[in-house]
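Just so you know, the protein sequences line up as chains A and B, in that order.
For what it's worth, the working numbering labels the leading residue of the first sequence as 286, then goes sequentially.
For what it's worth, the working numbering labels the leading residue of the second sequence as 1337, then goes sequentially.
Do not take every clue at face value.
[Unchecked claim] Selected chain A positions facing chain B (in silico; Cβ < 8 Å): (1) LYS360; (2) ARG362; (3) GLU385; (4) SER529; (5) PRO667; (6) ALA668; (7) ASN683.
[Claimed, not checked] Which bits of chain B does chain A cover? Going by a derived footprint, with three or more residues having C-beta under 8 Å, they are: (8) 1427-1435; (9) 1577-1585.
Source of the hints: derived by calculation from the structure; they are not laboratory data.
Yeah, the Cβ is synthetic: ideal placement off N, Cα and C, and Gly gets one too.
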Amino acid sequence: MRIRLLSLTQAASVTAIFVCANAWSADVEVLHWWTSGGEAKSVAELKKIMESKGDTWKDFAVAGGGGENAMTVLKARVVSGNPPTAAQIKGPSIQEWAGEGVLANLNDTAKAGKWDDLLPPVVSNAMKYKSNYVAVPVNVHRVNWMWVNPDVFKKAGAQIPKTWDEFAAAAETIQKAGFVPVAHGGQPWQDFTVFESVVLGVGGADFYKKALVDLDPNSLKSPTMEKAFATLRTVRKYVDKDFSGRDWNLATAMVIQGKAAMQFMGDWAKGEFTAAGKKPGTDYVCTAAPGTANSFTFNIDSFVMFSQNTADARKGQADLANAVMSPEFQEIFNLNKGSIPARLDVKLDKFDDCAKKSNADFVATSKKGSLVPSIAHAMAVPAASAGAMQDVVTQFFNSDMSPKAAAEKLAAAAKTK
Amino acid sequence: MAPTFVCSLIFVYGFILWNAYLSFTPSRMLPNYEFAGLVQYEALFANERWWVALKNLAIFGGLFVVICLAVGLFLAILLDQKVRAEGFIRSIYLYPMALSFIVTGTAWKWILNPGLGLERAVRGAGFADFTFDWLINPDKAIYTVVIAGAWQSSGFVMALFLAGLRGIDDSIIKAAQVDGASLPTIYWRIIIPSLRPVFFSSLIILAHIAIKSFDLVVALTSGGPGNASDLPATFMYAFAFTRNQIGLGAASAMMMLMIVAAVIVPLMYSELRGTRRG
């Protein structure tokens, strides 16, 4: 009997310890697909910060693609009523998920952390659903970059183009000199990435917003859009013939190795240059795509937070939100990833010139109103319409469709719901 | 009831019914059980990419089945001539079967890439005008899928035919020889007709490989250039899982089921009737 009593008290104290432990630490499960080199390093930083706050980090990484596999897993978890603490979701998908009523409200954390003051309105609005914070921004990528190998330009005797008209002339000169003018990978999202930079350069930020964000049918069918398609056809002319299906980083390698003169790609391309030991300004030049120097297409990664039932879980969630927003994390993460911090007050001393330029343009365009969401990277319109429009662009890029027909098809595709 | 029976009841037929219901709903990102009639089917048949996928399936399915049957039968007949080292040769032809379609697709992607593989090799050998750029030509890309698919599956069909050939009674052939029939006539009139059941099972296996074919296209062309080599399975995946259009994806999956049924049911029916009569 005594033994029994003893074991009972023991059991009780063990339980007490567990309860205590629970009060201090929360399991934080984060779904993400940052599994490659620099990205994985960045996530490890986040894990370290969370563990220093006493939370238990449960990594829920699903590799593959642009997160398609992760999304499939996430849907299954949410439908079965067992969502993770947070998941890597961005753009209008945030609002789609919030519309399902499964996301947590982060207003208290946001208020305490003064997010409204720290984030530019374009970013904070993207994190909100019906004016409540439901997501935390991690970084800002600029998409309308042009990566240039200045050596190739010098050898060919061409000038780095500032407008699309100059582009055609420069590309012709470069091709005659025996180089590939444009390094491009023929995958639908890459075609779409080039397309959005072309639209921005040909039509300007206001036109871009009307056509590719508000999906105004008249703008989509306008002569300006036809001109954009005609310009895209010009770009197509200066792509080498083996471009089909090539991955973006192999296209970047062509620029690094001096086989190709330029590539239109977001700032994640910088990681490839850095890994090859190249220096910005001398070995490669980062400049805005022709005609887009005064605008900025953004692609913001973010974490959405799912509703949690227990106070512990909510505490862990708040810790995670604060950790992601902290200047330390924003700095180290973006140094690894090649993007810039989403909050405006992070010191950029450790960043390179491309990131500094990106940041300066980010602040300037956000004031001028020429900061626009990237449609090719699921920031501007819901997945269904963006996908249908991407189909049209990639079909145009790989056929001899007329610009007029393409513009009309684009307007029809934009109606997809 | 046996557990396997219950499992297949739920996980095959149960989910087919669930999917059928989803195809009549306006489901987008998550399943939504409101009834919406034929909206998704209307959207599906108004979608140009779906028609491209169907046309590609017709080209790919037709050529894949015919080429595999022809090559498989031809190889089996050659191997049946009591050649030396038959086991060794048979393994070589069967070996592609051991690879997954992902491996096949990736290998052929490299072989067919004009800048890396065949075209470059032949040009390097001195034929400067040689071009073989089907992989990057939107009109020809689907044929590269046929090439890779036939390479992978012909050996398997050969093994089926070889087994069938070995099952034919020698005395019939000997009797035909006594009657003075030439070898081609024996094959054409006696051996090939008696392989009918093998044709039937090969056809069913190949047809369903063709219709559900997904990994091969993903690895070889990713549906490209553009969407020129899309198949219904890649279409379904894209819409259901990456574009938040589960309803449309479900509708396309139902259409794939209908295609399989349309091919297999008449075949099975005629075959079953044939055996009953025989």
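**OP:** Output the numbers, in ascending order, of every earlier hint that fails for this structure.
**Re:** 2, 8
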